[in-house]
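Novice: Now for the letters of each chain:
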Amino acid sequence: MGWVYTPGSLLGQTGTAVSILDNTNDIAGNLRPGEDGFYSIGAHEQQYIQTNSPPIGGVPSELYHLMPNWKYSVNTSIEFLTPISETRRKKEQRKSLYTRPKRSHSYIVTTEERHEFVFNYLLSLRSSNFYFPLFSEPCVPVGNDNLQGSVSIECLNDLQHYYSLRFLTVYLVIIDRNEIVYHEVLRLESVINNTINLTKAIQSEFYGRQSVIFPMFLSQLTNCKRKNLNDTVTNFDLEFSEVFI
Amino acid sequence: MADSILNLTRTQDRLMIKPNWVQPIESTFDFYREIYGYSGTVTNIFNLSKNYSHQVTYTFTNLNSEDEFNLTHFFCLHRGRCRRFWVPLWYNAFKLNIAVSAGDNILTIINNNFYRVDRGYDRIFLLLKNGDLITRSVTLVLKGLNNTENILLDSPIDRDIGLTDYTFFGKFLLSRFMDDKMDLKYNSDTGSSCQLSIKELPFEYIEEEES
Chain A
1 MGWVYTPGSL
11 LGQTGTAVSI
21 LDNTNDIAGN
31 LRPGEDGFYS
41 IGAHEQQYIQ
51 TNSPPIGGVP
61 SELYHLMPNW
71 KYSVNTSIEF
81 LTPISETRRK
91 KEQRKSLYTR
101 PKRSHSYIVT
111 TEERHEFVFN
121 YLLSLRSSNF
131 YFPLFSEPCV
141 PVGNDNLQGS
151 VSIECLNDLQ
161 HYYSLRFLTV
171 YLVIIDRNEI
181 VYHEVLRLES
191 VINNTINLTK
201 AIQSEFYGRQ
211 SVIFPMFLSQ
221 LTNCKRKNLN
231 DTVTNFDLEF
241 SEVFI
Chain B
246 MADSILNLTR
256 TQDRLMIKPN
266 WVQPIESTFD
276 FYREIYGYSG
286 TVTNIFNLSK
296 NYSHQVTYTF
306 TNLNSEDEFN
316 LTHFFCLHRG
326 RCRRFWVPLW
336 YNAFKLNIAV
346 SAGDNILTII
356 NNNFYRVDRG
366 YDRIFLLLKN
376 GDLITRSVTL
386 VLKGLNNTEN
396 ILLDSPIDRD
406 IGLTDYTFFG
416 KFLLSRFMDD
426 KMDLKYNSDT
436 GSSCQLSIKE
446 LPFEYIEEEE
456 S
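Residue numbers (my numbering), protein chains in the order written: chain A, 1 to 245; chain B, 246 to 456.
Bear in mind the hints are in silico, worked out from the structure with no lab data behind them.
A short, non-exhaustive set of chain B residues, derived as facing chain A with CB atoms under 8 Å:
| # | residue |
| --- | --- |
| 1 | Tyr277 |
| 2 | Arg324 |
| 3 | Arg326 |
Just so you know, even glycine gets a beta-carbon here, dropped at the ideal spot from N, CA and C.
Work out the full structure: start from the sequences and follow the hints.
Specialist: What follows is the structure, encoded as structure tokens:
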């Protein structure tokens, strides 16, 4: 059994920011994330709209965080835009229209029992931009200390070689591994060696290796394919694209 | 000794990351021609240019985040298809027939029909077993005696090279990425693989030399 869901039209000219034209508004109905607080925290209508600049530090914000199933591969794409003018004799002129790459991410989420809940959540995401954690660049803090009040977080990972984190990231999210809905949005100031420096101290309680930090980018859901493996287990094949603002 | 990188002119960027041979290296060439003809009639070839363009597809495996960073950084630095760089064809296109002495500007290789397709601006590279890279421009290729060819270089080789002193002896191409998109496929949060195609820019060798 397969479902293919195509979001509303994307409006945008080549090399510019993209807006979403929600041409199927009636499908969404009243289904919004966060109805029981499991997949999203405090996703109220107003916050749902104001996703272009997430509130920093302990304030609930709209955040996508369905984690990938690593049994299947996770794919990240980096894309530029270069129109090429070519003469009949194959001489080329090239012009780059993006000053920074546009990222997209695709992976599979596996759910058990709650597949309809997740499906409706994804359906509700179709007409908004939201911040998306880049799962391929996890940053795990060193030690088990409480990170509350910290502005510098030393991590176990090789942060100097995380391209998105170093060159393309403004916002980060810290997530509690045991309780994934428990998160806080952070703003990145710099990455020096294996230390992340923030513009503002962490306000909530997060404990070292029990937490994980991901870079985020503003994205749209561009493809969602549902496969019911049996009457309880479902795979969602998801694709997200970065939005330039 | 150190690298001896000559005749690359203005563009100095080099993609020297070695591909993973588990996935075969695929290469083809652009014909630069059109074929005119109607069904059931004879056909004619109209050559658009004397040039030809190598196109090669490599699969890169990143075993850690440093490998991935280097590849991603190179791709972003060249903005996908926009900017040109040098890349080696990672297979042995040539085999030395006579050892090279310091000061030689003629390489004698086993005949592989290079003289038929020499364009007058090809670049070659030698990757020595000690890791040194040597690049030179080819000005002329002549068919030699006893199944050999002689490659005349723009600048002499600066060291002795024995018949078994190198790991790669092949073509060095002025190229760009074929696509604006780079897909990284992660099998874990650190290990990823990526397939990239590269297209040679035969018309831009001349621009390089003039600039």
